[in-house]
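> Sequence:
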Amino acid sequence: MECNFLTLPTPSANLPGGCAMSESRFSGDGPDVFTSARRALVNSVTGERVEVSQSVVRSLSAGRANVQQSVVQRLASESATIEESVVLQVRGSDVSLRECSALGAMGARVSAEGCRTVFLCAPSVRGNVQALVTPRTAFALGLGFFFGRQVMRLAGRLLKRP
14 MECNFLTLPT PSANLPGGCA MSESRFSGDG PDVFTSARRA LVNSVTGERV EVSQSVVRSL
74 SAGRANVQQS VVQRLASESA TIEESVVLQV RGSDVSLREC SALGAMGARV SAEGCRTVFL
134 CAPSVRGNVQ ALVTPRTAFA LGLGFFFGRQ VMRLAGRLLK RP
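In case it helps, my numbering puts the sequence shown at residues 14 to 175.
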């Protein structure tokens with residue numbers, strides 16, 4: 014388990030206010046198999062399988078991540094399940110969002126129920142998600158910016174002619 018707390022308790026220590034970080038189970042010389050955080054303030058968590066509940070995490074990297082009622086700044090995972098949480102940035106192959114908010118969500122497959130995102134980039138999206146900027150709107154905005162700029166240049170040249 015690679016956990017970097019903002020304060021420096023041992024992984025099994027009880028933190029103020031009932032916060033705790035569980036011990037992880039190791040698989041020989043390889044990465045941790047399971048890491049769990051509940052009511053913790055954590056700088057970074059790395060593991061094969063990570064569960065975070067009612068915590069604040071700056072960076073989470075895992076093969077499989079399960080986040081419930083938490084705030085995460087950056088999440089990178091092959092498979093991520095996020096429920097009733099706020100995530101700044103999530104990247105993964107299979108991303109599942111339920112009743113949460115995300116600034117940016119990127120994945121091969123994204124399933125969402127009752128979620129709001131600003132940027133959503135995925136070839137396959139299932140469920141009810143409200144995205145402010147999707148790939149289609151980003152392309153339209155870029156195309157509109159390009160043509161608007163060309164028109165403004167042409168108008169500037171025509172106005173400068175004597």
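None of these hints come from the bench; they were simulated from the model.
The beta-carbon is built from N, C-alpha and C at its ideal position, and this holds for glycine as well.
The reader is advised that the hints may include incorrect statements.
[Stated by the list, open to error] Ranges between beta-carbon positions, derived for each pair:
(1) Arg149 <-> Arg71: 28 to 34 Å
(2) Gly169 <-> Arg139: 45 to 51 Å
(3) Phe152 <-> Gln82: 22 to 28 Å
(4) Arg149 <-> Glu112: 21 to 27 Å
(5) Ala168 <-> Arg71: 23 to 29 Å
(6) Met165 <-> Leu116: 15 to 21 Å
(7) Arg162 <-> Gln67: 45 to 51 Å
(8) Arg71 <-> Arg162: 22 to 28 Å
(9) Leu172 <-> Leu145: 31 to 37 Å
(10) Gly117 <-> Asn141: 15 to 21 Å
(11) Gly117 <-> Ser66: 19 to 25 Å
(12) Gln143 <-> Arg170: 19 to 25 Å
(13) Lys173 <-> Ala89: 49 to 55 Å
(14) Phe160 <-> Ala121: 20 to 26 Å
> Please go over all the hints and tell whether each is borne out by the structure.
The hints, checked one at a time:
1. Arg149 <-> Arg71: 28 to 34 Å: Given about 32 Å between the Cβ atoms, the range holds.
2. Gly169 <-> Arg139: 45 to 51 Å: holds, 47 Å
3. Phe152 <-> Gln82: 22 to 28 Å: violated, 35 Å
4. Arg149 <-> Glu112: 21 to 27 Å: Since the Cβ atoms of Arg149 and Glu112 sit about 25 Å apart, the hinted range of 21 to 27 Å holds.
5. Ala168 <-> Arg71: 23 to 29 Å: Given range 23 to 29 Å: violated, Cβ gap about 47 Å.
6. Met165 <-> Leu116: 15 to 21 Å: violated, 31 Å
7. Arg162 <-> Gln67: 45 to 51 Å: 48 Å Cβ-Cβ, so the 45 to 51 Å window holds.
8. Arg71 <-> Arg162: 22 to 28 Å: violated, 38 Å
9. Leu172 <-> Leu145: 31 to 37 Å: holds, 35 Å
10. Gly117 <-> Asn141: 15 to 21 Å: holds, 18 Å
11. Gly117 <-> Ser66: 19 to 25 Å: holds, 23 Å
12. Gln143 <-> Arg170: 19 to 25 Å: Given range 19 to 25 Å: violated, Cβ gap about 42 Å.
13. Lys173 <-> Ala89: 49 to 55 Å: holds, 51 Å
14. Phe160 <-> Ala121: 20 to 26 Å: Between Phe160 and Ala121, where Cβ atoms are some 32 Å apart, the hint is violated.
Checked against the numbered hints given earlier, the structure breaks hints 3, 5, 6, 8, 12, 14 and satisfies all the rest.
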